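Peer 1: Sequence:
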Amino acid sequence: MGKDKAAKPKVTISAPPEVAPKAKNDGAKRPSPSPPRPKLAVPPPKIEKAKSERSNTPDLATKRSVPQRRRTNSLQAKEKPKVLVTNSPNQLSQTPYTELEPHAKIPWVSTFREGFGINALTGEFMAQSALQHFDMKESSKPGNSQISVERLQWTGVKDLQDGFEIEAGGTVNVLGPIGANAKFASVLSQTTSTSTILIQYKVEADFSVDWIPDSVKLKPGLDKLTDKEFRAEYGDYFIAGYQKAYSCRMIVVCKINEEAVTKSLEQEVVALVDRYFKGKIKFFDIEKQTESFSFLSVIVDADGCSTDASSVFSVPVADAPKTLKNVLKNPRGVPRVAFLYHYSRLGSCKLSRRVDVPKDLFEKVRAMRSLSAYVQASLLHPALHEFHWDRRTSTAVLKRFEDQQKFLLSTGKINKQTENIDTLHRDLTTKKNKADALILRYDFIRLVVKMDKNIVAHQPASVNGQHFYRWDCGKTGGSKKLAELKKGYNLISFGPYKAFELEWQSPVTDVSPAVPQWLGGSSPRATMTFTTRGSDFPPPPRPPTPPNGFFKSRSPAPEHDGPGDSDTFAFCLVDHQPVYVLGWSMSCYWPEGKAKPTIEVEDPSNHIFSDRLSISVDASRSTRWFCRVTFVVKSSYNFPDLLAST
Numbered sequence: 176m177g178k179d180k181a182a183k184p185k186v187t188i189s190a191p192p193e194v195a196p197k198a199k200n201d202g203a204k205r206p207s208p209s210p211p212r213p214k215l216a217v218p219p220p221k222i223e224k225a226k227s228e229r230s231n232t233p234d235l236a237t238k239r240s241v242p243q244r245r246r247t248n249s250l251q252a253k254e255k256p257k258v259l260v261t262n263s264p265n266q267l268s269q270t271p272y273t274e275l276e277p278h279a280k281i282p283w284v285s286t287f288r289e290g291f292g293i294n295a296l297t298g299e300f301m302a303q304s305a306l307q308h309f310d311m312k313e314s315s316k317p318g319n320s321q322i323s324v325e326r327l328q329w330t331g332v333k334d335l336q337d338g339f340e341i342e343a344g345g346t347v348n349v350l351g352p353i354g355a356n357a358k359f360a361s362v363l364s365q366t367t368s369t370s371t372i373l374i375q376y377k378v379e380a381d382f383s384v385d386w387i388p389d390s391v392k393l394k395p396g397l398d399k400l401t402d403k404e405f406r407a408e409y410g411d412y413f414i415a416g417y418q419k420a421y422s423c424r425m426i427v428v429c430k431i432n433e434e435a436v437t438k439s440l441e442q443e444v445v446a447l448v449d450r451y452f453k454g455k456i457k458f459f460d461i462e463k464q465t466e467s468f469s470f471l472s473v474i475v476d477a478d479g480c481s482t483d484a485s486s487v488f489s490v491p492v493a494d495a496p497k498t499l500k501n502v503l504k505n506p507r508g509v510p511r512v513a514f515l516y517h518y519s520r521l522g523s524c525k526l527s528r529r530v531d532v533p534k535d536l537f538e539k540v541r542a543m544r545s546l547s548a549y550v551q552a553s554l555l556h557p558a559l560h561e562f563h564w565d566r567r568t569s570t571a572v573l574k575r576f577e578d579q580q581k582f583l584l585s586t587g588k589i590n591k592q593t594e595n596i597d598t599l600h601r602d603l604t605t606k607k608n609k610a611d612a613l614i615l616r617y618d619f620i621r622l623v624v625k626m627d628k629n630i631v632a633h634q635p636a637s638v639n640g641q642h643f644y645r646w647d648c649g650k651t652g653g654s655k656k657l658a659e660l661k662k663g664y665n666l667i668s669f670g671p672y673k674a675f676e677l678e679w680q681s682p683v684t685d686v687s688p689a690v691p692q693w694l695g696g697s698s699p700r701a702t703m704t705f706t707t708r709g710s711d712f713p714p715p716p717r718p719p720t721p722p723n724g725f726f727k728s729r730s731p732a733p734e735h736d737g738p739g740d741s742d743t744f745a746f747c748l749v750d751h752q753p754v755y756v757l758g759w760s761m762s763c764y765w766p767e768g769k770a771k772p773t774i775e776v777e778d779p780s781n782h783i784f785s786d787r788l789s790i791s792v793d794a795s796r797s798t799r800w801f802c803r804v805t806f807v808v809k810s811s812y813n814f815p816d817l818l819a820s821t
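With the sequence shown counted from 1, adding 175 to any position gets you the numbering used here.
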């Protein structure tokens, strides 16, 4: 029996190493039987035998699967799990962090110098260089120039940002110039006339990138600094190179002689500007091409050319091609883009790319920088000139962002950081949306100003033995009803534009022989009016109940209806702000075979952009008159520069 007991351990130990852990675990879970007792004295020599077996058959010769090799390694190094537990990996994984990009591309700032550092979290340029001395040689030459011709519009105000701004580094808090081109914005703000458009002829080229030498090294001793010490002195990135560029923009101010700028007319103007600057047509032949438009002047914006990099000046149209040729004679270019490398790219630097800031905060700060550029450019738009409170609050938000930007990504209390960023992002978004709304309203008023304001009489339509007559003036017929408001009118849309629409009908006209003397003539008339009344006036009296007629009565709500005499059919919005009438429509059903009904309006602009409406209608037949008015609130559409010409 003793020999048998000694033989069993040999069989167990000679099993493959993968099985040994399972046997050990099984023994820990259930009571050990009496025979295995001698095993306690046997394992040491048998384990040595197992080791010798593995050493004689290495992994490369056994063709084992990858998981098998991993299990074997784990058995050979049983202390490894203890090391992982000591480092608390679960705790580290719960800490929000960002792995900085190995390289980035940001706008060049005049204070930048090659080889110096940039702090990724604050965006600050570091005053000391971590690199040993090197010689920088400029060998770049401009590439082939690119030419573009397009119309400049305020609807694309975001495009005023320089093109390279779009590629700003994702993990760098860029503090460079905001990108909104104030020079262009000011030009656009001064040429928002309904009869003026701007056409840009742009010539630009990029130079090849100038890099610092590949052999550059870290200064001695800096590799011994901790990450915190190194970042505090030299930042996270160093400027490894830069790219120069030049551009010249010839902005042609064109006067349009047509009522509207159609797509075909815009294409015609763009094509003529392109031909003119390429020398395919002479100045004296331009006016012979078309009578639809004419060139007034040319604004020159040169950057990195033969003239001053920041110069903006105006030249006569006849001198514009020669000026462009002189400006582009010897372009020297100016740095436009800085290329950043993380210090870990240097072999001797062990700086970690990990920073304890969530990645989404980088994205939010970058989005806020774009919002800031947008709002800053929008402040130059004439739509905001009379909205002083919006201008002041927008300027205050921009100042807050400028003051706080370099502190938004500092390591510290993440919850507090997130709260500050969310608040500032929300405020910038609110100001951007407000600017968009005002610019959209401005464009809407421009559209109405350019419209024909004459009264259009439509052909009558036969309906149940009667003729239906309709007259329109100004902006009518909204494409979509958005909401029905408590005031008794609707919110409607004309594509992207919004307005209010009020519709009501008159009582049945009285055709009795007793005609008021003040109407005069043989044909009795009535007057339909639309007005507003502020809250400081008492509410108007209720109108008399209209008689039951052929048409169903649709009287306005009592608090909105305030007639004078029954002949005036007056509708008054009480407790309401003053309005601008943008358009109106009158209609009625008229007996066939009778003289056509007529309407009369005694106003030079037919009450378009007036704060009231008064229309004299034919009351010689028993019928109802239907009136529909399109209007906006005056205080929300305060654009005196547009309305001065109406």
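These aren't lab readings, by the way, just hints derived from the structure by calculation.
Don't take every hint at face value.
To be verified - Okay, derived cross-link-like pairs now, DSSO-like style, lysine-lysine, Cα gap no bigger than 30 Å in a straight line:
{"hint": "1", "residue 1": "K625", "residue 2": "K430"}
{"hint": "2", "residue 1": "K438", "residue 2": "K625"}
{"hint": "3", "residue 1": "K453", "residue 2": "K377"}
{"hint": "4", "residue 1": "K581", "residue 2": "K591"}
{"hint": "5", "residue 1": "K392", "residue 2": "K377"}
{"hint": "6", "residue 1": "K280", "residue 2": "K607"}
Here the structure is a predicted model, which means the values were calculated and not measured.
Peer 1: Indicate, hint by hint, whether the structure satisfies it.
Peer 2: Consistency of the hints with the structure:
A C-alpha spacing of about 14 Å is found between K625 and K430, which places the hinted pair at or below 30 Å, so the restraint holds. Between the alpha carbons of K438 and K625 the distance comes to roughly 16 Å, so the proposed pair stays at or under 30 Å and holds. Taken as a hint, the K453 and K377 pair is honoured in the structure, with Cα atoms around 12 Å apart against an allowance of 30 Å. Of the pairs offered as hints, the one joining K581 and K591 holds, with about 15 Å between alpha carbons and a cut-off of 30 Å not exceeded.
Taking the CA atoms of K392 and K377, the gap is near 42 Å; set against the 30 Å cutoff, the hint is violated. Distance hint between K280 and K607 is fulfilled; the C-alpha atoms sit about 26 Å from each other, no more than 30 Å.
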